[in-house]
Amino acid sequence: MSKWRAPFSTAIAMATGILLLISLFVPQLNIVRASLLGWAILLSAVALLLGLVNLFQVHLHNIRNKEKGIYSFVLLAGMITTFLITIVQGREGVLADWLFNSVQVPLESSLVALLAISLTLMAARLIQERKDMASQIFAATLVLILLGSAPIFGLDLPLFSSVITPFISRVLSLGGLRALLIGVGLGTLATGIRILIGSDRPFSG
Amino acid sequence: MTYNYSQDPEEQLPDWLKALRNQQDEEPVADETAAEKPAEDTDGSKEEEEEASEIVETNIPQESPPSADVEEETDPDWLAEIRQRHQEDSTADEREIRDDLEDTQPRLISTPPEEKVEEHAPSDEQLSEAFDEMETIESPEPEGEELAPGEVPSWLEALRPAGADKASGPASATQPSPRKERKEEQGPLAGLSGVLPVEPEITQIGGGKSHSGQLEISRIQKQHRSTLEEMIAGQSATSETVSQKVARPKPWLGWLVAGALLLASLLPLLSASESAPLPAANTVPAVSALYDLIEDLPQSAAVLVAFEVQASLYGEVEIAALSVVDHLVEKEAQINIVSTHPTGPALADRLMREGIGETESYLNLGYLSGGMAAIRHFASHPRETNLLPSLWNAPALQDLETLSDFDLLLIISSDADDARAWIEQVGAETSQDMAAVSSAQASPLLYAYLQSEPATLKGLVGGIQGAASYENLRNQDGAARYYWDSYSYVLGAAILLILSIGLYKRILPGEPQQAAQSEEEKP
Amino acid sequence: MTSLEIGFIALGFALILVFSLLGSGRRNGTFREIKAFSRLRKNIELSVEDGTRLHVSLGRGGLLGPQSAAAFAGLNLLREVSQVASDSDQPPLATTGEAVLALLAQDTLRANYKTLNIGEEFSNRYAQVVGLSAMAYSAGLMSPILDNEVSASALVGNFGEEVGLITTAGQRSRSFTLGGSDGLSSQAILFASANEALIGEELYASAAYLGGSTAQEASLRGQDILRILIALSIIGLALSNLIDVVL
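Residue numbers (this note's numbering), protein chains in the order written: chain A, 1 to 205; chain B, 206 to 728; chain C, 729 to 975.
Some hints could be false.
As the list claims (entries may be wrong) - Simulated pairs of lysine-lysine, DSS-like, Cα-Cα distance not exceeding 27 Å:
id	chain 1	residue 1	chain 2	residue 2
1	A	Lys131	B	Lys388
2	A	Lys68	B	Lys455
3	C	Lys842	C	Lys770
4	B	Lys388	B	Lys223
5	A	Lys131	C	Lys763
6	A	Lys131	C	Lys770
7	A	Lys131	B	Lys455
No wet-lab data here; the hints were simulated from the structure.
Excised from the complex, chain A in its bound form (with noise of 0.2 Å):
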């Protein structure tokens, strides 16, 4: 049985792809696209579920093995506590919401508030530890748009807000950033034919 699971799997992921390919030249096989895709939205929905039993199977192996069990610890009887009260109460209902607004949100707020921290560091380790053009022009745009994103300690700077800033973001970056994009797409392109053409199977094992 598993001689047979690669070819197996690779004859199904390339008749998928192929055949939601062909749908978007055929206007009769919208149908078989739809059906298609609703599967896979739905499988996404498992896949989540499957997330949080790996989760709980992770943590419930640290506990077991004292490795860091406590933090392992904490983090199942959070995780229960929550899908329980949520499952009893509801998405809307007072202990839920209260657990979403008042700890999740903040948690994840004060992570954002860590990174600008760790960002500002690293800005400051950029210039002073690399010495390459592609660095420096890099430390040098990002003070730039800086100083134009708003008054700076109340002082409006207008030749920043007004010309250097936007002359940055809109025309210099935004040509920089489509250029990634296309190679991003292209990566992206390539990627979907390799898959098509059976010669990429991250799913054979």
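Starting from the known structure of chain A, arrange chains B and C on it as the hints suggest.
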């Protein structure tokens, strides 16, 4: 000849050997008597020396070999070659080495080192005698006398270990009689009998040929070497694989930056400062376009809001979205919210309830799982997606079959990719107007959709700057005005910190510039 | 879909097929050096020698959108890395922010273990989900990275701005970090903070550079040609617009 240890070996020696011994005994004995006087610093007692000399006298044959005189007159060529070679090898360095060896070892016979070397080294005469004897042995033997097999010359006999009383040369001076086992007099084995003599007495005999330490390289080998060197030089040098440790950021810097940014953000809030000027009303065309779009909506317009906001960035997007959503509520638009993020519906509820204070004029369609595929499916068959079917029966949605039936699609997104997904998937299926409210980091990318022809996006409010401009257009002070000063001071603090920390090592005189650390080993 | 788009996709198809057939059975790698991959290879070797662990993070991208390509690039890199490092003292660890990606990562690792005849040593925990939202994902990644056993991390996949926290954790643990993402803001953060960053489509070249198949090299060549065509088209269109304006 077989050797019988029980018999007196002296009786079994042939005459010529006895003669040779006697001749050699006379020479070392004469040397010993001369060396006894200055040898006061040697190890060993005088009694031991006398005993050793007695042994020498006993063992050395008295007769000289009969063929000695004959040998000198007729030297064969091969013997002369051997003799010559032996003379070349016996260099002064070798003698020094032998001397050194002599000096480090306990002496049985108190003879000067030089003489001792000569004692043990078979002389030319001895060699010639030995080889003559061999010839004599090979020549027809006189009747009645048979040469026994295995007879060896004296210098070779000297190589025998202690107890084998065959040597006739000077080596025998140090070898005890086989009958009485030699008793070691010196060193750690003193008092023991039947032990091997000390090493120098064995290895001194016939000092080895010294070899040059220099490698002999032929011409062809030199050519090969130069060719190989050229080949290797042509290869690029390989960089040494060493583990490079990353420079760890200093902890106190993190605390400094955190403290500075917190201070810069809190002080204006606590002091309710409103000194920083808001951006002018029409300075950002994208913001003005969105304002005009909402202003032109009909009464009770159906607006679909794609709420693609992560919980972590809700704070920023809330500031940007509050003014726009409030404008929609003011226009009495029917807001329908959908999200492909699991936390999107909950955050949308929070925005509407706590931000706008509105609980009835909107419909939360819930979570749409499946990412971009779900958006595509929703765009083409909105009623067939996996949302709760009962929601579509609500009065606001009863007449809506496709997305084109909505008056406006407003994308509220914290991430540029989520906004792009809606723009590209919905734009392919419908021709309705689309606008976006995004975080500051997503807005540069969305400007591309604003500038395209035909423009996919009709309006854009990006970040707190866009929100401040929108509030200015509405002539209302909202969240953007409240946070604007704080934002201004935090930006200034960030710029100062980045430049001061980044450049201080270059500005301060005498501070060495530190490159990235590179170490051999990882701790 | 317009005919131009269809033609472009068909051209990509044809180029990859042709280069795959032409290069079949032999490796024609003559690509420019990407320093990030050279350093990653060295760090893989060093970690195997040291007996420390390699960490590959595949990001949060699911399989139902364009971010899946970045996820597949990460899976390819995971396969190449695990082929070298699976039988070392500390086997490589794969982390994801999406469940299906974790299943694929487990599949990839399991296949490599079987290939190396050490299938019994595989455990599902070697590929795990560490968080399901962006910040939860970055918080969950800090634990394995700050663990002293991780000497090198490869962040290859779909990331957002949370990647800044992940690279900071790498700096604190003094480990090597290589980053590649299809997100634009994350690429900027990786450029500033990671030891080596993959910009643009370098992310999709990971498999070919780390010893991939003929088809992967062929797709790189196809991408190169398509990129040149796009660049020429842009320049041509810009010149034609300029001429129209001038005239």
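Status of the hints after comparison with the structure:
no.	hint	in the structure
1	Lys131/A / Lys388/B	82 Å, violated
2	Lys68/A / Lys455/B	26 Å, holds
3	Lys842/C / Lys770/C	25 Å, holds
4	Lys388/B / Lys223/B	25 Å, holds
5	Lys131/A / Lys763/C	17 Å, holds
6	Lys131/A / Lys770/C	23 Å, holds
7	Lys131/A / Lys455/B	20 Å, holds
Checked against the numbered hints given earlier, the structure breaks only hint 1 and satisfies all the rest.
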